[in-house]
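Trainee: Chains as they are written, first to last, in the numbering used here: chain A, -18 to 94; chain B, -17 to 95.
Misleading hints may appear alongside valid ones.
[Said to hold, decoys possible] Restraint ranges, calculated between C-beta atoms of paired labels, are given here:
1) B/Ser78 to A/Ser65: 31 to 37 Å
2) B/Arg33 to A/Pro(-5): 45 to 51 Å
3) A/Val(-4) to B/Asn49: 47 to 53 Å
4) A/Ser46 to B/Leu92: 35 to 41 Å
5) B/His(-11) to A/Trp(-12): 46 to 52 Å
Hints listed in this document are in silico derivations from the structure and should not be mistaken for laboratory results. Don't be surprised by glycine CBs; every beta carbon is placed ideally from N, CA and C.
Listed here are the chains, written in short residue letters.
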Amino acid sequence: SQTIHQWPATLVQPVGSPLSLECTVEGTSNPNLYWYRQAAGRGLQLLFYSVGIGQISSEVPQNLSASRPQDRQFILSSKKLLLSDSGFYLCAWRDTRRATGYTFGSGTRLTVV
Amino acid sequence: GENVEQHPSTLSVQEGDSAVIKCTYSDSASNYFPWYKQELGKRPQLIIDIRSNVGEKKDQRIAVTLNKTAKHFSLHITETQPEDSAVYFCAASRNSGYSTLTFGKGTMLLVSP
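Please take these sequences and the hints and turn them into a complete structure.
Mentor: In C-alpha cells:
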C-alpha cells in the first residue's frame, strides 16, 4: 500500500531563516506531488505541483521554492522566511494513472517568529 | 481554469439533524468530484467521491449528488453526530491523473449535542 511521509510535524523559525520541508511517498512510482499551505485554518492554497523529477509548476509567486530530486521526494524551501509564511503546510500525492483524490501527508505546522 | 464555489462557509446543526453542503464548478470538462473532511489540526481526508457518469453515491450516513447540467454537487450527511464536526472541502478536476484538483474554500460544520 502507498504511504506518504512528511516532516517535521512542527517548526518554529525566526524571520529571515531558511526553510526545508520534506515529503516522500512509498509504494508507488511517478506520482503527482503537491505542496499546499493552509493559513488561518481554512482554505487550501496550492503552492507547487510536480508531474515528474525536476518538473515543478508554481501557482503562487513568493519567496518559496520547490524541488523534486527523486521520483518520490518533494522538498519545499525558502532562503529567508517571512512572518507571512506561517501556516500549515501539506504535501499530497496523486496516482497519475487514474484521476483519484489526493492523499495528504500529516502536515507541518510552521510558525515564523 | 476551474473555479469551485462552496456554501455555506459555516453550518451549525443539532445532533441527529441532516447537513447539506453545496458546491458549484465552472469547467464543464470536470468529471471527478471528491469531498474531504479535515478535523482540527489534522490533514484533510477523502470521505467520498463521485464521477460524472453517476448522479448519486452513498456511503452509510454520507451521500453525494451531482447535477452535471447545472454544474453543482452536494454533500449530504444524515443523523449528524458530534464527531462529524470538522471543515469539509469539495473539489473538482478533469478525468486525468495529471490534472489538479481545485478546492472550494471549505465549510465548517458544527454539530451540537
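Trainee: All the hints need checking, so say for each whether the structure fits it.
Mentor: Structure-based check of each hint:
1. Distance hint check for B/Ser78 and A/Ser65: the Cβ-Cβ separation is about 33 Å, which falls inside the suggested range of 31 to 37 Å.
2. Range check, B/Arg33 to A/Pro(-5): about 47 Å between beta-carbon atoms, so the 45 to 51 Å window is met.
3. Range check, A/Val(-4) to B/Asn49: Cβ separation about 48 Å, and the 47 to 53 Å hint holds.
4. Our hint of 35 to 41 Å for A/Ser46 and B/Leu92 holds, since their Cβ atoms are close to 38 Å apart.
5. For the pair B/His(-11) and A/Trp(-12), the supplied restraint of 46 to 52 Å is violated, since their beta-carbon distance comes to about 36 Å.
Going down the numbered hints, you'll see the structure goes against just number 5.
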